[in-house]
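Participant: The chain contents come next:
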Amino acid sequence: MAAADGLCTELPMWVTNAWYVAAWSHEVEPGRLLARTVIDEPLVLYRTAAGEIVALEDRCCHRFAPLSMGRLEGDALRCMYHGLKFAPDGSCIEIPGQKLIPHSACVRRYPAQQRGSWLWVWMGDAAAADPAAIPSTVALDDAAYRLQAGAIDYAAHYLLIDDNLLDLSHLSFAHEKTLGLDMPQWADERPAMLPLERGLRVQRWLRNHPPRGFMKKLGERVDVWNSYDFLFPGIFLQRTDFHPAGTAERCGGGAPDTAPLFHRVDEQAVTPVGERTSRYFFAAGARAADIDPDRVGRLFAVTETAFHEDKALIEAQQRLIDLDPARRMLPTSLDAGPTRFRRLVDDLLAGEGGRRIPASAVGSS
Amino acid sequence: MAAADGLCTELPMWVTNAWYVAAWSHEVEPGRLLARTVIDEPLVLYRTAAGEIVALEDRCCHRFAPLSMGRLEGDALRCMYHGLKFAPDGSCIEIPGQKLIPHSACVRRYPAQQRGSWLWVWMGDAAAADPAAIPSTVALDDAAYRLQAGAIDYAAHYLLIDDNLLDLSHLSFAHEKTLGLDMPQWADERPAMLPLERGLRVQRWLRNHPPRGFMKKLGERVDVWNSYDFLFPGIFLQRTDFHPAGTAERCGGGAPDTAPLFHRVDEQAVTPVGERTSRYFFAAGARAADIDPDRVGRLFAVTETAFHEDKALIEAQQRLIDLDPARRMLPTSLDAGPTRFRRLVDDLLAGEGGRRIPASAVGSS
Amino acid sequence: MAAADGLCTELPMWVTNAWYVAAWSHEVEPGRLLARTVIDEPLVLYRTAAGEIVALEDRCCHRFAPLSMGRLEGDALRCMYHGLKFAPDGSCIEIPGQKLIPHSACVRRYPAQQRGSWLWVWMGDAAAADPAAIPSTVALDDAAYRLQAGAIDYAAHYLLIDDNLLDLSHLSFAHEKTLGLDMPQWADERPAMLPLERGLRVQRWLRNHPPRGFMKKLGERVDVWNSYDFLFPGIFLQRTDFHPAGTAERCGGGAPDTAPLFHRVDEQAVTPVGERTSRYFFAAGARAADIDPDRVGRLFAVTETAFHEDKALIEAQQRLIDLDPARRMLPTSLDAGPTRFRRLVDDLLAGEGGRRIPASAVGSS
Numbered sequence: 270m271a272a273a274d275g276l277c278t279e280l281p282m283w284v285t286n287a288w289y290v291a292a293w294s295h296e297v298e299p300g301r302l303l304a305r306t307v308i309d310e311p312l313v314l315y316r317t318a319a320g321e322i323v324a325l326e327d328r329c330c331h332r333f334a335p336l337s338m339g340r341l342e343g344d345a346l347r348c349m350y351h352g353l354k355f356a357p358d359g360s361c362i363e364i365p366g367q368k369l370i371p372h373s374a375c376v377r378r379y380p381a382q383q384r385g386s387w388l389w390v391w392m393g394d395a396a397a398a399d400p401a402a403i404p405s406t407v408a409l410d411d412a413a414y415r416l417q418a419g420a421i422d423y424a425a426h427y428l429l430i431d432d433n434l435l436d437l438s439h440l441s442f443a444h445e446k447t448l449g450l451d452m453p454q455w456a457d458e459r460p461a462m463l464p465l466e467r468g469l470r471v472q473r474w475l476r477n478h479p480p481r482g483f484m485k486k487l488g489e490r491v492d493v494w495n496s497y498d499f500l501f502p503g504i505f506l507q508r509t510d511f512h513p514a515g516t517a518e519r520c521g522g523g524a525p526d527t528a529p530l531f532h533r534v535d536e537q538a539v540t541p542v543g544e545r546t547s548r549y550f551f552a553a554g555a556r557a558a559d560i561d562p563d564r565v566g567r568l569f570a571v572t573e574t575a576f577h578e579d580k581a582l583i584e585a586q587q588r589l590i591d592l593d594p595a596r597r598m599l600p601t602s603l604d605a606g607p608t609r610f611r612r613l614v615d616d617l618l619a620g621e622g623g624r625r626i627p628a629s630a631v632g633s634s
Numbered sequence: 270m271a272a273a274d275g276l277c278t279e280l281p282m283w284v285t286n287a288w289y290v291a292a293w294s295h296e297v298e299p300g301r302l303l304a305r306t307v308i309d310e311p312l313v314l315y316r317t318a319a320g321e322i323v324a325l326e327d328r329c330c331h332r333f334a335p336l337s338m339g340r341l342e343g344d345a346l347r348c349m350y351h352g353l354k355f356a357p358d359g360s361c362i363e364i365p366g367q368k369l370i371p372h373s374a375c376v377r378r379y380p381a382q383q384r385g386s387w388l389w390v391w392m393g394d395a396a397a398a399d400p401a402a403i404p405s406t407v408a409l410d411d412a413a414y415r416l417q418a419g420a421i422d423y424a425a426h427y428l429l430i431d432d433n434l435l436d437l438s439h440l441s442f443a444h445e446k447t448l449g450l451d452m453p454q455w456a457d458e459r460p461a462m463l464p465l466e467r468g469l470r471v472q473r474w475l476r477n478h479p480p481r482g483f484m485k486k487l488g489e490r491v492d493v494w495n496s497y498d499f500l501f502p503g504i505f506l507q508r509t510d511f512h513p514a515g516t517a518e519r520c521g522g523g524a525p526d527t528a529p530l531f532h533r534v535d536e537q538a539v540t541p542v543g544e545r546t547s548r549y550f551f552a553a554g555a556r557a558a559d560i561d562p563d564r565v566g567r568l569f570a571v572t573e574t575a576f577h578e579d580k581a582l583i584e585a586q587q588r589l590i591d592l593d594p595a596r597r598m599l600p601t602s603l604d605a606g607p608t609r610f611r612r613l614v615d616d617l618l619a620g621e622g623g624r625r626i627p628a629s630a631v632g633s634s
Numbered sequence: 270m271a272a273a274d275g276l277c278t279e280l281p282m283w284v285t286n287a288w289y290v291a292a293w294s295h296e297v298e299p300g301r302l303l304a305r306t307v308i309d310e311p312l313v314l315y316r317t318a319a320g321e322i323v324a325l326e327d328r329c330c331h332r333f334a335p336l337s338m339g340r341l342e343g344d345a346l347r348c349m350y351h352g353l354k355f356a357p358d359g360s361c362i363e364i365p366g367q368k369l370i371p372h373s374a375c376v377r378r379y380p381a382q383q384r385g386s387w388l389w390v391w392m393g394d395a396a397a398a399d400p401a402a403i404p405s406t407v408a409l410d411d412a413a414y415r416l417q418a419g420a421i422d423y424a425a426h427y428l429l430i431d432d433n434l435l436d437l438s439h440l441s442f443a444h445e446k447t448l449g450l451d452m453p454q455w456a457d458e459r460p461a462m463l464p465l466e467r468g469l470r471v472q473r474w475l476r477n478h479p480p481r482g483f484m485k486k487l488g489e490r491v492d493v494w495n496s497y498d499f500l501f502p503g504i505f506l507q508r509t510d511f512h513p514a515g516t517a518e519r520c521g522g523g524a525p526d527t528a529p530l531f532h533r534v535d536e537q538a539v540t541p542v543g544e545r546t547s548r549y550f551f552a553a554g555a556r557a558a559d560i561d562p563d564r565v566g567r568l569f570a571v572t573e574t575a576f577h578e579d580k581a582l583i584e585a586q587q588r589l590i591d592l593d594p595a596r597r598m599l600p601t602s603l604d605a606g607p608t609r610f611r612r613l614v615d616d617l618l619a620g621e622g623g624r625r626i627p628a629s630a631v632g633s634s
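In order, the protein sequence lines correspond to chains F, X and U.
My numbering applies: residue 270 is where the first sequence begins, and numbers increase by one.
My numbering applies: residue 270 is where the second sequence begins, and numbers increase by one.
My numbering applies: residue 270 is where the third sequence begins, and numbers increase by one.
Next comes chain F alone, as it looks inside the complex (with noise of 0.2 angstroms):
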């Protein structure tokens, strides 16, 4: 709907050159097809016998009728309209009551990986696709840690809720009374920033804490390690570790060089559906010897609880754009991640000869 919003522009919109998670691993069952849509592009997704995944445009390229509609014969997938079949290639390999095959009778097949649990797919060129650019995470199954996990739908803009991501001031407010731990340092101390490949690193000490709850096990004040990698398009994996109260003194200010008391893990992913529509992929959880079974999905439900609060803000935020969306934000220092974040987007989007990211879809900082 590019013309609807006064978005229309031939230069690309989306960075193309970049694996996005597309669902998590167990939402592709075996003989199932699951219809996804990332970057305005419809795929479906359906593993082979030997459980490999498989990513194909979601358009039958005869009359475009969805192919997740259709049916996995073997590895192969059958469009139920009118019955051309494909190899997981993306090549047709039937058409009915036709014996010539056009080399043109394909769909596109996307680069698809499994890593821990979730399911990446690459929508640019095929021939850069790395999975060594995957970034490591935590399987959902793996022993070493208690983990939940789960989804929500935003109708806004991605770049939106990475904002979010990068800026955890709002863990104060936002979050006063889940995430935010009581702790103004959240929006009163500002961060160590890194620069990584396509993304950042954001670290910070949070000292002197009066752990709440069945945390108040760990002593009367602790000091928190907090530190997340946060990677294009919106891959977010943060570590946060519970140390005794001047740990952060004694390691003057850097990374702890002791084990923690306690070991949170969030990983989340942000993957863009359309202009207006993305899904927000979430684990949380913590180290299998820190925490209790019933424990965790305690600590899960506040966690999702925050990210409702979150999407009530942001979606919100993206209608106010919308209902002006000339007017511009104001800069202040909070800002640093996601400024410096968006210029990345910037120069993915310039290197693929791509529109800069739309100030009237986001607000320009």
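Hints were generated in silico from the structure; no laboratory data involved.
Just so we're clear, the structure is a prediction, and the values are computed from it rather than from any experiment.
Heads up, a few of these hints could be off.
Same chains, same label: a pair holds when it works inside one copy or across any pair of copies.
Stated by the list, open to error - Taking lysine to aspartate or glutamate pairs in the EDC-like style, the calculated list, with each CA pair at most 20 angstroms apart, reads:
(1) K354 to E321
(2) K354 to D604
(3) K354 to E458
(4) K446 to D457
(5) K368 to D604
(6) K368 to E458
(7) K354 to D457
(8) K485 to D559
(9) K485 to D561
(10) K486 to D563
(11) K485 to D563
Using the hints provided, position chains X and U relative to the given structure of chain F.
Facilitator: Below, chains X and U without anything else, positioned relative to chain F:
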């Protein structure tokens, strides 16, 4: 909402000089007003005391209130916003508190005809409306048949539904468990096609078919003669005749010259409502001598189920077209019918000075 | 969504220098935040500890989160996304973790006034806001009256609702069973109209009317004096006085010079929310001496029913206008009020350098 989907042009996009099915006859009860939209034009339908069908523009010329929210006063129709009253010919015959009624005070009357059990309206130049051009159809109460009737609203361009009806190869796939009768011939063999004045005649033999269910009484094997006329805008008049196996051979592949064992009737009409909305009217049944009253209910239920299979596919197809309107479809030998019919529609549009069928709306074949 | 309906132009489309009713006074409780949109601008309303009404732009200047999702801290309002805090005058007084607050850090404050039971906001140049220009209305708790209040959201341009209120001939038709009182005079006789500063005064006698229901106690026949002021943007202040039959004659058709038998009050305000959305505030009742508490509930219920009759008609009218925006309405003698008022609105728009009322949005008269 032309501007919203980039189809904004000054050229007409509808063929107006045509009879369109606006409603089932029984939908317009005496004394009642029925609102319908056809090719983006609002209509109100009602019957005069003599039972004649009146189709007026459903928009009072005064302030554009819908006359369908008005009141019948004899054969005249009063707008119940400010009280203007209209004769069945569309002329205004009363303006409250005003003696002089200007000549321009009128709403458009559309030529309308009841034929069979459909109400037909002519959307173009009234002088060109020839009731003789309305095709013959079987009335629902014709004692020689047992028929049931229904209607489905589509969120899709009417030509996508026409495509579906013009290429019955999809019966082998989309309807393999309903109308397809386990017959790969639908897809594997191409029917004969003859040009008609504003449409196509499509005919074929499906040979040596083993009847299922209550049709087993017809014999172990039958030859099925399937023949339909397809007329603009989407009138589908089909007969499916079951003959003893060998009849096709005996007739040299031509039309059967003997009475069928079983004579099935399917009559359907596709009516464009707007650019992305259509209404699909259908009746299905068989010769009264061939089917019990309870069997016809079962036959109709299977048919209606199949039509919902089509709706799911076609609406998905529309969404995929809209996601990337510039993409071109892959022509196959399956598309002879749709391709010829779309050329005919383009000719009709050109004949009215309109623009060509927009590929952005319905794909290009 | 200016682009979507073809109304995209750079010229302003709203009159800003005007008092708009944003809410009923009781909708803004102490300690609570109320979000409202007026002429496409998002507002948050609250009360200071002293009870004064504050109306701020409901969009934090930082990242455009809505302040209405924020928190009142005394008389100040904190954004609960990243914590910026604003004084009641709209100036930012705190940015977490940042000492320097730039001058540009503020949200717009709109002049706001509580008068009667409505909260009025001035949407234009604050220097031009004159509280004395707010018309007098009866407060809901005025002991001399018994009134009830309500509000309805419309999916229609506010001028279509104004049209409705400026031509009460529709009472004879749209409300023949509710407010019309079986009186064809509403449609058959034209009222007198006098120009007001930013509106019209509309007056008429409805003579020799047989009262219905509990009004029968007034006599077999009454003369009804109906008089209302209609002011931009859609303030409708009406008095309907029942007098003994003959009073109209005795007063020579002019205003009555004696106290009425029954004094009905209707006060309404139409507020544009956006191009196709409006909010309609209304109070109805009568002089306390004239009506029992339970009767006023019945009177109000009939009135509210009538307003839903209007809503159904006007929203349908809007849909029909949007279906064919270029079509022109037919002027009649009924339209004197709407026509004069629309000319006044055009003058107000021109006075602010805005564009004329778009015929494509509300038809042309």
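Participant: Each of the hints needs a verdict: does it hold here or not?
Facilitator: Now the hints, each set against the structure:
no. : hint         : in the structure
1   : K354 to E321 : within (19 angstroms within a copy, 53 angstroms between copies)
2   : K354 to D604 : between (50 angstroms within a copy, 17 angstroms between copies)
3   : K354 to E458 : between (58 angstroms within a copy, 17 angstroms between copies)
4   : K446 to D457 : within (17 angstroms within a copy, 65 angstroms between copies)
5   : K368 to D604 : between (61 angstroms within a copy, 15 angstroms between copies)
6   : K368 to E458 : between (69 angstroms within a copy, 12 angstroms between copies)
7   : K354 to D457 : between (59 angstroms within a copy, 14 angstroms between copies)
8   : K485 to D559 : within (13 angstroms within a copy, 69 angstroms between copies)
9   : K485 to D561 : within (15 angstroms within a copy, 64 angstroms between copies)
10  : K486 to D563 : within (17 angstroms within a copy, 64 angstroms between copies)
11  : K485 to D563 : within (17 angstroms within a copy, 61 angstroms between copies)
In summary, the structure agrees with every hint in the numbered list given earlier.
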